[in-house]
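Participant: Got two chains here, separate frames each, mind docking them using the hints?
So the sequences go chain by chain: A and B. Quick note, the first sequence lines up with residues 1 to 648 if you use the working numbering. Quick note, the second sequence lines up with residues 1001 to 1334 if you use the working numbering.
Some clues are possibly wrong.
On the chain B side, residues computed to face chain A include the following (Cβ under 7 angstroms) [what the hints assert, rightly or not]:
| no. | residue |
| --- | --- |
| 1 | Ala-1068 |
| 2 | Val-1144 |
| 3 | Gln-1243 |
| 4 | Gly-1314 |
| 5 | Arg-1315 |
| 6 | Gly-1322 |
Treat the hints as calculated values from the structure; they're not laboratory data. From the three backbone atoms N, C-alpha and C, an ideal C-beta is built for every residue, glycine too.
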Amino acid sequence: MSEALGRVVATERKPNTPHEFHFWTAIDSPVGIGTIVRVDGAQPIDGQIPHIYGIIVEGFSYTDLQSPMHDVLGHDGLPTSAGFAATERAEIRLYTAAVLRQIPEEPLQPVPMGQVFLAEEEDVQVALRMDSYLKEGAATGIPVGVYRAGGTDAVIYLDADFLLGPEAAHLNITGVSGLATKTSAVEWLLSSLFTHFPEEKGSIAAVCFNVKGPDLCYLDKPGRIEDTDKTLYEKLGVDPKPFESVQYFAPYTAKGLSLNTFRNNEALLDNVVPLTWGLREVLQFAEVLLNKDDVDAKADALIDFITQNVIDKEFSDPLLSKKHRVQSFADLEAWFRDVLQGMEKKDGESWRTHHVATIRKVRNRLSNISTRCAGLVTDSGAVSDLPFGSFADRTVYVVDVANLEEDAQDLIFARIVSKLREHLERRDLGVKHLVVFVDELNKYAPGDGADTYVRKMLLDIAERGRYLGLVLFSAQQFRSQVHRRVVGNSGTALFGRMDPDELSTPGYTVLSPATKTKLATLEKGQLMIRHPHFTQPIFVRFPRPSVMQGREGAERYPQAGEIGLDVAVLRSLRPLDPGITLPWVQDLIALYTEDEIIRARNATLLARPENVKAYFTAQFRKVIPAQPAARPMATTIKSAPENDPYGF
Amino acid sequence: MLVSNSGPDAASRAALRLLVDKLPGLNLIEGGGSSEPPIASDPPVLRSAQIVEGAALRAIKVAGVTRATTSGFGAFLDGTQKVQVIAHSLGLPVVIGTISAAVRVRVNKRLVTWGHQPPRVERAIYLPLRYLTQLSGDAIAAIVAAQWRIIDTSTADRNGEYPSQHPAVLLDRAVRAVDQQREELEDRLAQAWCAIGESPLFIDGGISRTPDVAASTCAVGVIKSHRTLYVEGESLKVVMGLQKGERSSVFRVSPRSRSSVLSWYLRQRSAEGRDALWGLVRVEVAECDRPGERADEISRWVLAETSPLALPDGRWDKMSYGIRDCEEFLRAIS
Chain A
1 MSEALGRVVA TERKPNTPHE FHFWTAIDSP VGIGTIVRVD GAQPIDGQIP HIYGIIVEGF
61 SYTDLQSPMH DVLGHDGLPT SAGFAATERA EIRLYTAAVL RQIPEEPLQP VPMGQVFLAE
121 EEDVQVALRM DSYLKEGAAT GIPVGVYRAG GTDAVIYLDA DFLLGPEAAH LNITGVSGLA
181 TKTSAVEWLL SSLFTHFPEE KGSIAAVCFN VKGPDLCYLD KPGRIEDTDK TLYEKLGVDP
241 KPFESVQYFA PYTAKGLSLN TFRNNEALLD NVVPLTWGLR EVLQFAEVLL NKDDVDAKAD
301 ALIDFITQNV IDKEFSDPLL SKKHRVQSFA DLEAWFRDVL QGMEKKDGES WRTHHVATIR
361 KVRNRLSNIS TRCAGLVTDS GAVSDLPFGS FADRTVYVVD VANLEEDAQD LIFARIVSKL
421 REHLERRDLG VKHLVVFVDE LNKYAPGDGA DTYVRKMLLD IAERGRYLGL VLFSAQQFRS
481 QVHRRVVGNS GTALFGRMDP DELSTPGYTV LSPATKTKLA TLEKGQLMIR HPHFTQPIFV
541 RFPRPSVMQG REGAERYPQA GEIGLDVAVL RSLRPLDPGI TLPWVQDLIA LYTEDEIIRA
601 RNATLLARPE NVKAYFTAQF RKVIPAQPAA RPMATTIKSA PENDPYGF
Chain B
1001 MLVSNSGPDA ASRAALRLLV DKLPGLNLIE GGGSSEPPIA SDPPVLRSAQ IVEGAALRAI
1061 KVAGVTRATT SGFGAFLDGT QKVQVIAHSL GLPVVIGTIS AAVRVRVNKR LVTWGHQPPR
1121 VERAIYLPLR YLTQLSGDAI AAIVAAQWRI IDTSTADRNG EYPSQHPAVL LDRAVRAVDQ
1181 QREELEDRLA QAWCAIGESP LFIDGGISRT PDVAASTCAV GVIKSHRTLY VEGESLKVVM
1241 GLQKGERSSV FRVSPRSRSS VLSWYLRQRS AEGRDALWGL VRVEVAECDR PGERADEISR
1301 WVLAETSPLA LPDGRWDKMS YGIRDCEEFL RAIS
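Chain B with its partners taken away, still in its complex shape (with noise of 0.2 angstroms):
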């Protein structure tokens, strides 16, 4: 998933053009940056998880890895999402977010655009209606006759508690609806591909969102971000010890809302002389009978794709160059 702030885009002059239109009042943000982060994130955690390879968790030496290695996976899946704030009612954040999602096949060792479903590119104001009480029915109305989709940032949550007008609390909420957006695209194209089932799909995150993607065998999730680590006290130890081409025995990550999927953290790339994360990613798996040879065989398949390095992304210790070409392609149609 990329993320990306940017000055306006085209379609962005547009839509800022009709809210000057609409809503009288509203101050332009120079650029139509963000003057706050717009990643929300999650603080790091520790969790454990119920190991289903052996009594405790071991690093495992990958067999079979030779250069020759060849990789089964046949697509790769990424989204992207930007989040500009162009400009403020009052302090209220009127933000314009971008999303968007592709499935890239490989055919003779090139990456092509899947043609079952086309790649797709979102885009949506993110406004706090609650508090815009200038911006009439009607005003709403005619944005949304010029094509513009509108998504309160101002709803109240599950605990029917509606956010306060901090900007940054809607800047927020803006940015985690953006992020969730570009979750559903992402899953929706997801299924579509285990639906036809057509070859191993390496999907940029986790699978568990979705119980049809999540119990695909076509789907293999590889995360890169840590924030959240499923292991503690010596699990711990024995995966920050992972050395290059080894794995971790596989666990079940089965969180509360989501489904129950098959994961280990496996070491791509030599850590030494770099942070303990360097080069370590996790990958989950639907359940499956023999989940250490299933480990094995997806593993092999990760590190082979590897090579080609995904450099300059800074990220390239544990992105497969599949993935960047995703984010490469996406970045040059949305």
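One chain only, chain A, in its complex shape (with noise of 0.2 angstroms):
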């Protein structure tokens, strides 16, 4: 056993009670904020010495000096000559700790008095209620990184039930942004949740998406790891490496050439797939995209109507000129067109209950989403879509929506999710657990604001998520703006480093001022922990993530620029068909116009044909080569009879 290393002390001004109190040590000792200690009483109760653990939260200093201006008269003013004073003054180490856990937990008393020692790996473990979640036969010890003090290395493990349900779940981070401590933790969290999930739970994976920058571009890729970090995955149990299983999805550019992607690069692109829908994807959705203030009740009622009767259905009308099968917004866009001559035809103000305003209202919003989403939504109703179904286990799935517009953001997360969550609830998606990491959750679920259907999606997760596997982990950088029901419904909450403004909010009221100082000045690799079996937040440090860092990836994997048509097809197929050139793309296409090549590639693309020249050629129409037109050959005038009078 270590050697104490201070003792406990309680006055009548400041007592110790069952949840804090006070000691004090050496002035070299190796104690901290955030430090775990011991306390082993003197006194047995009930026949058993008491042991308590807790960790400090507030640090004092001072002297036997009752005022500062004996100081300033023993130097005669000059702090220079404090230097030469024969003796340092008394000097004390004082500190509170907050209680983790006592032993015996009954009855509860203040702590009493006796020796602190510096807590060991088992006693954190003690400490932290974790020896209840790694003891044999549970084993849901997720290590989330490790706790450094005085010499103690103890990993502090996440307890699986806790974090991915079905006892509590989801994960909150927050922290400032440029340290890139919220992604990196997030990427070592899913490394560390990949490796340590116990098979028994069932199957895991991931969907990311990435909403700002390259960092989550490059997740298959190695990254740097220095010494001291490969040390830290030891200790953790976790191999260095990046992510064996990952699919990237990223809608078009608006030109629809190549995909919007920081992940463009060429020599990337076997593992992203594009991410195109239709209208009768979209449809489902047309509420996030349209404006709650335009689109009224009869509005509504009218795109319902369209929904259930139009899409993908034979349509007649008497007021049609001809009979519709909607299957693209091109469809959509002539049965509006053929609906609205009709009416003008008869003269009428109304059709089927719809008034005309209400169709030209709703004509103009819809037919405008294909060009607001352009690149994800297609006219032609292509569909390219992330495998809801089958869905692998330890797989990270990244959406890429960095690149688009807001709107787009908010239909692929409406949608992805939903379908998630649909496919969870029928047990079909492929995997038992799905963890969905969103960033920016102070512009997607803010505290105020308009109620958006997205904020309205993550409140759903946050609140339900768990009960169907599904966990929300979200980041932000000032949780105090993030909707409460969003952080509140974390079971776990990891922060970085933090602004002070955020920490000066009501939220951060039950930290002590030393440890809000502490989370001010984190480095980069270190968080505090909240975690539900843990009285009080813990410091970690977790290794940097083993995959590629988002600036290094797009330095060596530079974003792909504006490309020609053939060159954006030869880089789409030939993933799937090494043996495509670009002579033999341009050869091919150059008969055909934009449209056909892209719907071709599309098709193509989606398929994954065995024959991808084959099938890429089979998407279009025959075209006869023109042949040069023949001369007519003259015919031979015939000779004036002899006895012509107007012969010559």
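Facilitator: As structure tokens, then:
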């Protein structure tokens, strides 16, 4: 057992309580804010010596000096002469610790006087109640980092039952931007989760929405790991290697030639899948894109009518000039045009109870979607989507929406989350547990502002997701400005370096001033953790993620610039068939329009056929090459009769 | 030396319970204080001394004093005493005296307790046994058996005369006895230090009580109280007129029942606007060959010990921080 490093003290003015105690240490004692200590009581309670575990939350230092003026007088007002004093004043290091756990837990009494010891690894496990889920048969511990103090290195585990459900769930990360702490922490935690999540609890996957920058774009590429990180990885029982299975999804740019992602370098395209939706997929979530004030009950009724009676159905009406089968935005536009022309001919103001003004408004708003979400929404109706129903265990699915307009981001988020939820409810997603990572909650789930569809969805996941296995890992810069029910439902909270202004908000009043100071100055790679088993926040260190960082990835794999249609087709198809060459593509597409070429490419990418060349070629209509026109033969002029009086 | 009077502590309460049990008719005093001033003091006197540095006493600027002057003291010795009149039996005072002493050694500018001799705390019950007739021999034996030392305050003096039963006289006897016990405790520690002779020891008070200490080059006594001033006439004017950083010539102090030592006055702080004794201490060292040089050296050390200030102690003008540390330490453990 180690030597005692302090003694518990209590005075009438500063008494100990069941939740807090004070102790002093030697001046050079290796303790500080966040250090976990153990107190061994002197008197047994019910025959058992009490052990109290606490974490230092405040520290005081003072001397026997009664007034600062005495020091000034003592050195004739010259600070430089203070160094010549023969004796240093008697000085104290007095610490306040918050109780983590008392053993025995009953009767709960004020902390007794006793010696204070630095907590060793076993003590840390007991103090944080990790012993309950690290014991034989439980094994639901997920390493989140290493607690370090005074020579003690103790792995801190989160309880999988409280991180992914069903007991509690969700994780929220707060921290200032620019330090990459939030993204790094999630990348690390996913690695740990994939490594340590118990097999018997089923499969697990993650869907990450990359909402800004390239940070999540190189999860399958190895990053630079230093020796100190390797030591941490070893201690934490995780291999320092990138994710083995990652799939990227990104819509096309507005022109439709290349994918709208940081990861569109040709060398990285093998696991990047286009994300494109047609009318059917979008109309289910029209609410996301349509302005609530704009779309009233009447417009809503018409949209419902279209969804139920028009889309994907054979639709005919005496008013219309022909039968319609609407499968794309182009079809829908033709349908609207026909309806409105029919009404004009009849000089009618309403059709099937829908007023002409409502029809015009809905037409305008819906037609607009394909423009606003160009690259994601296709006129043609071609769909390329996440593999709902066949999600793979320990796979990360990254949806890159960083370069998209806000509307398109909202639409992607709403639809993907809804689909995930539907599949998890039906238990046919392909995995049992799914982590959804969303950054920038200040934008997507603000505490104030309009009640958006996205915010409603996030609230829904936060409140009900854990019953389905749908777990939200969220991040933001200002926790105080995120909807309270989202952060409040997060069983686990991580804090990186914090902004002092944020720390002054009411949500942080439970933290001591010293803890706040530590939070405001945390180094990169350090976190403060709150977890249902921990009665007080704990500081840990986590290793640098073993994946390529965004900045390095962007330098090594520069984003592709604007390219021609032929090169775009080549880049898209070559991952499917490396034998495809640029001249072959150029020869094939020379006779076709841009729309036709893009449609053919998208169909090929979606089908991923065995014979890519044949399939791609088959998508084009037959065009008979033009033949040079033959010169017509001149007919012989008949000679005039000999007796013709007008002949020459 | 720290003197304090306060209510009974846990040890005193235990003694009180024992006495109540053994001494019928004992009247407990609320709060355990004393109705009389516990400190007996001699009247202020002027006394002549033999000058050993020059022909007449004069003021000498201590040479070589700068801010960077270092002190040669390696440790500090002080003692404390606490006198509690906890009860009386028909006016006869029952006193508990607590005495303590410690040497605090300076290590890397910080003071720690000397390892060779742990700090000492002793308690005793001071009773006028001659007049406490109801206290049987068995009762005294029982008190002693409970690890309490009994000191009789009613013994005959060197002239064979017994003190009267006047409560103030008996209390004065008790206080003097406690004082004497405390001095003996300090002397034992000082002797132990000087026997090892690690480094110069700063002693709060005189060094002449014990021959070993009085003759040791390791012991330096610094006296803050001036009930007896070893100067008369013009010499008194010189001493009262000492400026900050000045000392008097060295003189010899030869008390009748004590050892002879060299001594001088030293003004640690400017007395301007204060009383004449402000910042004035008297230093005692063992006899030596070059008293002037020794006085300069020791004076530099004593002046170096004026920082940091011993505030908030009321005697901070004369007290060194090391002695205050001793007293605070003893207050904590006794």
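Participant: The structure should be examined with respect to each hint, and the outcome stated for every one.
Facilitator: Hints versus structure:
1. The closest approach between the C-beta of Ala-1068(B) and any C-beta of chain A is roughly 5 angstroms, which is under the 7 angstroms cut-off, so the hint is satisfied.
2. About 30 angstroms separates the beta-carbon of Val-1144(B) from the nearest beta-carbon of chain A, more than 7 angstroms, and the hint is not met.
3. For Gln-1243(B), the shortest C-beta to C-beta distance to chain A is roughly 16 angstroms, which exceeds 7 angstroms, and the interface hint is violated.
4. The interface hint given for Gly-1314(B) is broken, as the beta carbon of that residue sits about 12 angstroms from the closest beta carbon of chain A, more than 7 angstroms.
5. Hint status for Arg-1315(B): violated, given a least beta-carbon distance of 14 angstroms to chain A, over 7 angstroms.
6. The beta carbon of Gly-1322(B) is positioned within 7 angstroms of a beta carbon in chain A (closest approach about 6 angstroms), and the interface hint is therefore held.
Violated hints, listed in ascending order, are 2, 3, 4 and 5; each of the other numbered hints is respected by the structure.
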